[in-house]
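Peer 1: Sequence:
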Amino acid sequence: MNLTTDTIASHNDDRVARHRNLLAPWTDSIEQTESIIEKLMAFQIAIPSWALGTGGTRFGRFPGGGEPRSLEEKISDVGLLHALNRSSGAISLHIPWDIPQDAQAVRQLADSYGLAFDAVNSNTFQDQPDQLESYKFGSLQHVDRAVRQQAIDHNIEVIRHGVELGSKSLTVWLSDGSSFPGQLNFRKAFERTLGGLQDIYAALPDDWKLFVEYKAFEPNFYSTTVGDWGSSYLYASKLGPKAYTLVDLGHHLPNANIEQIVAILLMEGKLGGFHFNDSKYGDDDLTAGSIKPYQLFLIFNELVGGMDARGMNHATDLGWMIDASHNVKDPLEDLLQSVEAIQLAYAQALLVDRDALEAARDNNDVVQAQEILQDAFRTDVRPLVAEARRRAGGALQPLALYRSLHIRDQLIRERGAKSVATGL
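Sequential numbering of the sequence shown, starting at 126, is according to my numbering.
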């Protein structure tokens, strides 16, 4: 469905007086206000096509109705999100869940909503009805060359689809691993996987990037072949300058220091991008910032500091994407919440007085260093994020507008109460 500029303007008109009162302290006294607003306006977070339907657990899935039944309807949903917040200007596809039948038409449709295509994602963690070989015992790590070649060919096909759509990167996540001791020769599995990735890397266009994603566990629980940031970094280093590590915030063991991982990967020039979500216990794929907002801020603190140290563009030099599973929420509402949480953490990180922080560190002033970080984190930057949305043509309160228009009810009427999106 399309959201008109008049609808957004009417929504904003009813709220702009209060918004200006909240924004006034920023515009009156904060030196970097304009710079932060401009950076927020440029910062776009890609929406994964598979997150537009209701997620599930290994025990069940409870669709909420009105889910997109086709790639075209998924693009429409992302277009709606982008119209609301002006910060969801890209969509990331998962192949074969979302194979474009007419790439040119799909690209034109996305363009009509102001959307670009972010990283394309391959899938060798499921058997598809028409495939010859099974991935039950792995894909690129498999002992059978035929299975490995099938996985390689699939990734090259995904690259081809991405080229047709204007994407510039491929994300490879492998569920390869083992469930029991003795099942796998770790060294040989690593070598076979590296060989497959090298074949995929060789098929990349010159201006593309390859993101190697990692995961500590699941669906294999004894070992995972790309199990942590170190193994991903090792693969990316061996592959070449177009290969990078991709960090999914949920793909870590409990209490892992993700911000330290980010800092080191940035320092080495091997951080490629992010999958944003949140977790309580493991790979929970919860709404970004819903459980550990301070951790999200600390990660962005390292991102801003590290990117600035390397002269990187915050908006374009890394890949930013959500990867979430909406078990009990309306997926579109959940995505609106995640985007805003990411923007808030980013804005807070932009507030950090880096000169003062470095001075505190150089003086071993632990208390002052903590105060500097927590002062930025405890600052209410919601007026800045709202102002960036307003200037870009979005809604001051996207979730409130979404609900006031009863958009989910409209989607149910259009698509049915039992429509189920492709994907997990």
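Hints in this document: simulated from the structure, not taken from any laboratory.
Note that this is a predicted model, so its numbers are computed, not measured.
It is possible that some hints are incorrect.
[Stated by the list, open to error] DEER-style ranges, computed between Cβ atoms:
no., residue 1, residue 2, range
1, N310, G541, 48 to 54 Å
2, D138, Q251, 31 to 37 Å
3, I155, N310, 55 to 61 Å
4, K313, I224, 17 to 23 Å
5, T152, M392, 32 to 38 Å
6, I155, D324, 39 to 45 Å
7, D269, R516, 18 to 24 Å
8, G541, E258, 15 to 21 Å
9, Q157, G239, 23 to 29 Å
10, I224, G181, 35 to 41 Å
11, D500, E393, 46 to 52 Å
Backbone N, C-alpha and C define an ideal beta-carbon position, used for all residues, glycine too.
Peer 1: Indicate, hint by hint, whether the structure satisfies it.
Peer 2: How the hints compare with the structure:
no.	hint	verdict
1	N310 with G541: 48 to 54 Å	holds, 49 Å
2	D138 with Q251: 31 to 37 Å	violated, 48 Å
3	I155 with N310: 55 to 61 Å	holds, 58 Å
4	K313 with I224: 17 to 23 Å	violated, 33 Å
5	T152 with M392: 32 to 38 Å	holds, 36 Å
6	I155 with D324: 39 to 45 Å	violated, 52 Å
7	D269 with R516: 18 to 24 Å	violated, 56 Å
8	G541 with E258: 15 to 21 Å	violated, 36 Å
9	Q157 with G239: 23 to 29 Å	holds, 28 Å
10	I224 with G181: 35 to 41 Å	violated, 22 Å
11	D500 with E393: 46 to 52 Å	violated, 30 Å
Hint check: violations occur at hints 2, 4, 6, 7, 8, 10, 11; the rest are consistent with the structure.
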